[in-house]
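Engineer: Per our numbering, the sequence shown starts with residue 6, numbered consecutively.
The set of hints was computed from the structure by calculation and includes no laboratory data. Since the model is a prediction, treat every value here as computed from it, not as a measurement.
Pairwise CB distance ranges (calculated):
hint: 1; residue 1: Asn132; residue 2: Ser83; range: 17 to 27 Å
hint: 2; residue 1: Gln47; residue 2: Ile174; range: 38 to 48 Å
hint: 3; residue 1: Ile54; residue 2: Phe166; range: 44 to 54 Å
hint: 4; residue 1: Phe166; residue 2: Leu16; range: 25 to 35 Å
hint: 5; residue 1: Ile135; residue 2: Tyr50; range: 23 to 33 Å
hint: 6; residue 1: Asn132; residue 2: Glu179; range: 15 to 25 Å
hint: 7; residue 1: Asn200; residue 2: Glu48; range: 47 to 57 Å
We put the beta carbon where it would ideally sit given N, CA and C, even for glycine.
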Amino acid sequence: MQKIDEQNESLTIKRAPAKLKRGDDAQIVFEGDFFKVWHWPQELYDGSIARFESLSRADTVTVLALTKDNKVIMTRQSQPGLSEFLSLPGGIIDDGETVLQASKRELIEETGYASQDWYFLFSGQMNSRIDWANFYLVAKNCELVAEKNLDAGEKIEVELFDLEKFEEIVKKEEFRQSDFALWFLRGGDLIATSN
6 MQKIDEQNES
16 LTIKRAPAKL
26 KRGDDAQIVF
36 EGDFFKVWHW
46 PQELYDGSIA
56 RFESLSRADT
66 VTVLALTKDN
76 KVIMTRQSQP
86 GLSEFLSLPG
96 GIIDDGETVL
106 QASKRELIEE
116 TGYASQDWYF
126 LFSGQMNSRI
136 DWANFYLVAK
146 NCELVAEKNL
156 DAGEKIEVEL
166 FDLEKFEEIV
176 KKEEFRQSDF
186 ALWFLRGGDL
196 IATSN
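Kindly produce the complete structure, drawing on both the sequences and the hints.
Structural biologist: What follows is the structure in structure tokens.
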């Protein structure tokens with residue numbers, strides 16, 4: 006875990022590469038509100054050519070936010086078309102934003118909390134057919150400084166949990182960040198993130 010600020014962010018934060026490399030001739034065949042669909046010719050092992058396809062979308066940020074007394078700040082969310090879920094604060098990186106700027110904005114919008122103490126944890130891609138990196142940052146010593154400022158498609162309640170309870174939540178199906186759960190179950194150290 007590396008401490009970050011505006012001066013060292015570009016040197017510290019690295020985007021996880023897509024799991025599926027698009028071919029040199031890849032073209033966008035459809036562009037929706039969230040996803041782009043890519044096609045390209047791909048040579049197979051027998052020398053024949055097949056059309057391959059993948060998706061891409063805007064990268065996102067997720068914040069493991071801790072209060073001064075090491076409570077994990079979580080959100081209980083409802084969004085149209087989705088079952089209620091528990092989540093760490095986060096969302097889409099807007100055009101022109103850095104990872105740190107997006108993380109600070111999402112944290113304050115969804116929870117009202119802010120921090121001046123930021124760390125880069127990891128970046129990952131969960132799906133081999135979707136080029137979509139998610140950046141995990143840790144915000145320590147968070148303080149409540151504002152009211153939530155939610156999008157029209159969000160209902161969010163803020164909940165605080167101690168680290169022991171959070172470790173239980175990470176293992177449950179209602180926890181939204183499966184890539185974080187995988188990091189944790191593979192040996193990610195939550196205690197180290199809080200020290």
